[in-house]
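Residue 1149 in the working numbering sits at position 2 of the sequence shown, with consecutive numbering throughout.
A couple of the hints might just be wrong.
[Unchecked claim] DSS-like, lysine-lysine: derived pairs with alpha carbons at most 27 Å apart:
| no. | residue 1 | residue 2 |
| --- | --- | --- |
| 1 | 1460 | 1306 |
| 2 | 1543 | 1234 |
| 3 | 1322 | 1433 |
| 4 | 1460 | 1160 |
| 5 | 1279 | 1460 |
What the hints contain is simulated information worked out from the structure, not anything from laboratory work.
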Amino acid sequence: MTDMLQKIQEVLKGYDLSQITIGVLGGHSALDVCRGAKKYGFKTVAVCQKGRSKTYDKFYKSRQGNFGPMGCVDHVIEVEKFADVVKPEVQEQLRAMNTIFIHNRYFWVYCDFKEIEKDFIVPIFGNREYVKLEERDQPNNQYELLEKAGIALPKIIRKGGEVHGRRLLEEKLDKHFQEFGGPLIVKANEAERTYERAFFVITSSEDYFTIGENMVKRGKVNQEDLDRSVIEEFIIGAQVNFNFYYCPFMRQVELMGTDMRRQTSMDGFLRLNAVTQKKLLQAGYKPSMIETGHVACTVKESLVQKAMELGEKFVVTTAEVLGRPIVGPFALQGAVASRRGHEEIVIFDVSMRIPGSPGTASTPYSAYLYGEPISYGERIAMTLKTVEGNMEALSKLVS
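The whole structure should be built from the sequences, with the hints applied where relevant.
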């Protein structure tokens, strides 16, 4: 057992397990988590950054309304910045409320991985040490896990963190375009929002250098991040995020729902006719792929078994490679492509924690299993409710 797990076990011993509070950072999927927690009788707390708390301490604050209880956020802890969640006084407040923290994307992009892994002495639902594996420069990162699981992923021209000289990179790009001809996508960290990636698509080696240099000049990316960017095959297919849940007690993978991204300003650009698109591109317009939301979607039933098998493979691989299966929510994000005359699911991103789309509950897959649609927030609360008061069982769900 690691030092952190030992510390978390000690914290749990001091908890009143009949009075658990479910905690989140105020963003991403917090409302989904809080709603699910309230449905199953848990108290909720959101740690919010100053200036961004109205959603939680006003609009969706728990209160008594004219027609009964309203809202889902019981307590708000306001901090100067999200990273302050690791401050001793904030942790003390969370532990005093017997908090189990649900980590989301916000939790990891605004905080330091090492601080969360070593200094945040509050139980986290799931695997705190796995989320950093979304980053392409980590050992056993998402690409390596997908490869070891035998899950189809895009052809990789350059892995994250690798740096190639211009001549070598040109040779690699030219070889790809001569042999395969398909477009490539470049993923570099944004200059300002370093936790987000700036994407651009290229169809020649010249595109990489001209578009990349232009983005550096405009301050969209830094040269260093561009030089270390991921370059991979752009999958031409129907994009789908497969959102899963693994419960170690039931030992089964569940498909919670499917969705696809909405991106600014690509979504609006694609709604223009081809003539207007061409004029804008010729004038130097570059549509961006910043994620701004999700749309619930479905897949035909012949793909469900394929998707479920991918989820099962991924869980088995995390257990074999990392020593412990991923617990709770995760997502395999990709596209359904036509390859060699048949449909194939290709995965190009993995979320090692709760995905950001509450709309997955609007798809029918959880209802096929439970009789009614269930959100991620509800599913997490169901699991915690099942082990309420059981120290041994709860300790297997947190890290």
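Now for the hints, and whether the structure bears them out:
1. 1460 / 1306: holds (23 Å)
2. 1543 / 1234: holds (26 Å)
3. 1322 / 1433: holds (26 Å)
4. 1460 / 1160: Not satisfied, since the Cα-Cα distance of roughly 34 Å exceeds 27 Å.
5. 1279 / 1460: Holds. Residue 1279 to residue 1460 sits at ~20 Å (cutoff 27 Å).
The structure is inconsistent with hint 4 alone, although it conforms to all the rest.
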